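Chains as they are written, first to last, in numbering that gives the first Met the number 0: chain A, 0 to 91; chain B, 0 to 91.
These are calculated hints, taken from the structure and not from any lab test.
Please note: incorrect hints may appear among the correct ones.
Unchecked claim - Derived lysine to any residue pairs resembling SDA-like cross-links, with alpha carbons at most 20 Å apart: (1) A/66 to B/37; (2) B/66 to A/33; (3) B/66 to B/46; (4) A/66 to B/40; (5) A/66 to A/12; (6) B/66 to B/88; (7) B/66 to A/66; (8) B/66 to A/29; (9) B/66 to A/41; (10) B/66 to B/85; (11) B/66 to A/38; (12) B/66 to B/84; (13) B/66 to A/36.
Stated by the list, open to error - Far from chain A by the CB rule (all over 10 Å, computed), these chain B residues: (14) 6; (15) 20; (16) 25; (17) 57; (18) 61; (19) 74; (20) 84.
Quick caveat, the model's predicted, so the values are computed rather than measured.
We put the beta carbon where it would ideally sit given N, CA and C, even for glycine.
2 protein chains.
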Amino acid sequence: MAAQGSGLIARIVVTPRRDVLDPQGAAVQGALASLGFEEVSRVRIGRFMEVELHTDDRVVAEQRVHKMCEQLLANPVVEDFSFELTTRGTGA
Amino acid sequence: MAAQGSGLIARIVVTPRRDVLDPQGAAVQGALASLGFEEVSRVRIGRFMEVELHTDDRVVAEQRVHKMCEQLLANPVVEDFSFELTTRGTGA
Chain A
0 MAAQGSGLIA RIVVTPRRDV LDPQGAAVQG ALASLGFEEV SRVRIGRFME VELHTDDRVV
60 AEQRVHKMCE QLLANPVVED FSFELTTRGT GA
Chain B
0 MAAQGSGLIA RIVVTPRRDV LDPQGAAVQG ALASLGFEEV SRVRIGRFME VELHTDDRVV
60 AEQRVHKMCE QLLANPVVED FSFELTTRGT GA
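Start from the sequences and build out the full structure, keeping to the hints where you can.
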């Protein structure tokens, strides 16, 4: 909030847990097979989110993004999440 | 498809193009702000897909996954896609 600088970007991936049914993934796998992509043995569908932050403090950002995932962005009962932080502008 | 071995996994990210409106992202940003995450300056929402392949040939897999994205998994008019291939089982 008081931080000046380029800021950080969190790239978040949310996926259904391995043991949870993923009917959307099964539908996409069927569609791929009907298009001739028969080498596909499984498809899992998740969400991707890019969150830009007004802070350059990676330690704080990591804690905050973890909380965002737990409170809003993912449903911990049926989903897993992971994220990485990159510096805005440089892509690294 | 004659390939034997552990197989490959494509981890695909599809995002709205930078110049395309993302109302879902704006809604999530508003929800985060109302939860106190006011350091968030922007949210973009995309899709994540994990596609398991019965092949160990990375060159072929790269071409095939690119085609899958163009034909079904992404809408090139309004979306960008990127992916990486990992070896099944090892995560690398």
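Here is how each hint holds up against the structure:
1. A/66 to B/37: holds (13 Å)
2. B/66 to A/33: It holds: about 14 Å lies between the C-alpha atoms, which stays within 20 Å.
3. B/66 to B/46: Holds. Residue 66 of chain B to residue 46 of chain B sits at ~17 Å (cutoff 20 Å).
4. A/66 to B/40: holds (17 Å)
5. A/66 to A/12: holds (14 Å)
6. B/66 to B/88: Violated, at about 24 Å.
7. B/66 to A/66: violated (37 Å)
8. B/66 to A/29: Answer holds: residue 66 of chain B to residue 29 of chain A is near 16 Å, not above 20 Å.
9. B/66 to A/41: holds (17 Å)
10. B/66 to B/85: Distance ~18 Å between residue 66 of chain B and residue 85 of chain B Cα, so the pair holds.
11. B/66 to A/38: holds (13 Å)
12. B/66 to B/84: Satisfied, since the Cα-Cα distance of roughly 14 Å is no more than 20 Å.
13. B/66 to A/36: Distance of about 9 Å is within 20 Å: holds.
14. 6: Answer for residue 6 of chain B: violated, closest chain A Cβ roughly 7 Å.
15. 20: holds (15 Å)
16. 25: Given that every Cβ of chain A is farther than 10 Å from that of residue 25 of chain B, nearest at about 13 Å, it holds.
17. 57: It holds; residue 57 of chain B is separated from chain A by about 13 Å at its closest Cβ, greater than 10 Å.
18. 61: The claim stands: residue 61 of chain B keeps its Cβ more than 10 Å from every Cβ of chain A (closest is about 13 Å).
19. 74: holds (14 Å)
20. 84: holds (13 Å)
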